[in-house]
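There are 2 protein chains.
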Amino acid sequence: MVTKSQECVNFGKSVRGYREKRGMSQEELAAAASIHRTYIGGIERGERNPTLRMIYRLAKALHIEPFMLLSKPDRQSA
Amino acid sequence: MVTKSQECVNFGKSVRGYREKRGMSQEELAAAASIHRTYIGGIERGERNPTLRMIYRLAKALHIEPFMLLSKPDRQSA
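Protein chains in written order, with the working numbering: chain A, 1 to 78; chain B, 1 to 78.
Please note that a few of the clues may not be correct.
A pair holds if it fits inside one copy or across any two, identical chains being indistinguishable in the list.
[Stated by the list, open to error] For lysine to any residue, the following SDA-like pairs were computed, each having C-alpha atoms within a straight-line distance of at most 25 Å:
1. Lys13 x Arg53
2. Lys13 x Arg45
3. Lys60 x Glu47
4. Lys13 x Arg57
Think of the hints as simulated: they come from the structure by calculation, not from any bench.
Using the sequences and the accompanying hints, generate a full structural model.
Next up, the structure:
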């Protein structure tokens, strides 16, 4: 299901931003989080509404704290 | 389904803590977030694995930023 809520879009941008900062490919992040690569793509496009436990798995694979994925990049850079 | 993962238990404690800090009952929080009261109970007991959008709804109803529900209360108070 494609939700594309603003919350999911912002979350996806955060995941992509931290992934690229670490120089990881979607495949590498998927493997580190034990998630299918297409799911990572859906997350980054804001099409997925991940659960709390999924947020923790992604954060762990990115070596960051889970709350960091929910902070607003627009506000931080403004 | 009762998951009771540590992530969900910590999240539930955060929700309960912020709800009590605002002097809200579970019924009041449920109404403010347009969620059934029994769902709030399940969240606070750590039995639910909420989605990102649900985390945002709860945070809005509690008048806090979503990332605040994912910070670790144990670490903050230690």
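For each hint given before, does the structure comply? Return the numbers of the non-compliant ones in rising order.
Of the numbered hints given earlier, the structure breaks none, since each of them holds.
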